[in-house]
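J.: Sequence:
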Amino acid sequence: MARPSALPPALLRSAIVALLAAVLAFAPAQAQTVMTVTTTIGWTYEEVDGPAAILDPTALDEDAALLDDAALVDAADLGATRRYAPAATLATLGPAKARFGPFAVVDAGTARMAGDVTAATPRQFAAMLAAFPALRRIEMIDCPGSLDEEANLILARAIRRAGLETVVPSGGSVRSGAVELWLAGAVRRAAPDAEFGVHSWIDEEGREANDYPADDPVHAEYLGLYRELGMDDASAHAFYTLTNSTPFDTVRALTRADMARFVALD
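Residue numbers (my numbering): 1 to 266.
In case anyone wonders, no lab produced these hints; they're calculated from the structure.
Quick caveat, the model's predicted, so the values are computed rather than measured.
Heads up, the beta-carbon is just placed ideally off N, CA and C, and yes, glycines get one too.
Watch out, some of these pointers could steer you wrong.
Cβ pair distances, simulated, as ranges [stated by the list, open to error]:
#: 1; residue 1: Arg136; residue 2: Ala214; range: 33 to 43 Å
#: 2; residue 1: Ala119; residue 2: Asn210; range: 22 to 32 Å
#: 3; residue 1: His219; residue 2: Ala108; range: 33 to 43 Å
Please work from the sequences and hints to get the whole structure.
T.: Right under this line is the structure:
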């Protein structure tokens with residue numbers, strides 16, 4: 001068999017470029033500063049200016065996130081003029097190492113959450129844990145609730161199984177189904193001015209919790225979840241009754257002290 005002739009220089013250069021491109025395509029994710037995960041495309045990498053560890057100065061106060069209550073007690077009146085929205089000091093999540101739906105990973109142990117839970121969020125959460133197995137904490141900045149209740153319950157159980165700490169920092173706001181995500185924390189923390197908002201759930205036909213008979217199995221699902229998250233029977237029933245006493249189209253504001261009536265806080 002005849003020996004193949006050498007490649008012309010132009011083709012050789014093209015082959016080298018193609019080889020380098022292939023190598024870069026499989027380079028470790030750590031070589032990039034920012035990565036974004038979507039549910040349909042997978043990984044997309046972006047360059048950002050400056051080190052990702054330097055946070056936007058308008059983002060979450062790291063000292064506040066540590067929740068030294070003695071240091072934060074003077075800020076408790078911030079909630080007096082704020083209803084169902086984060087404080088102005090939490091206007092941004094700051095630069096992130098990676099984003100997974102409503103989650104922004106800011107360091108190896110911490111993710112911040114802002115936005116609604118959708119049908120895709122449990123998968124995004126699982127992808128985040130796979131990519132950052134050292135995660136230990138979710139700081140809940142601005143969490144309005146869920147657009148998919150089944151996904152929200154799945155996510156709450158996943159947070160519990162992962163043994164993560166859930167934190168509402170000073171100025172943070174957690175409402176509706178997101179309250180259950182905070183309750184799911186193996187350790188729960190909240191600043192004195194943390195904001196919680198609850199209301200009844202509603203089904204696809206517009207019926208709310210109190211439209212169902214007291215012995216309907218639908219109630220057992222929620223009560224069972226609260227028990228899984230560490231409430232005793234009395235606390236589970238009391239919290240469920242409290243949430244359902246407020247119609248779906250309104251919100252009842254609760255404080256850190258209110259939540260401490262139902263679960264232990266650290």
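J.: Next step is simple, just say for each hint if it's right about the structure.
T.: Hints versus structure:
no. : hint                        : verdict
1   : Arg136 x Ala214: 33 to 43 Å : holds, 39 Å
2   : Ala119 x Asn210: 22 to 32 Å : holds, 26 Å
3   : His219 x Ala108: 33 to 43 Å : holds, 40 Å
The structure agrees with every numbered hint stated previously.
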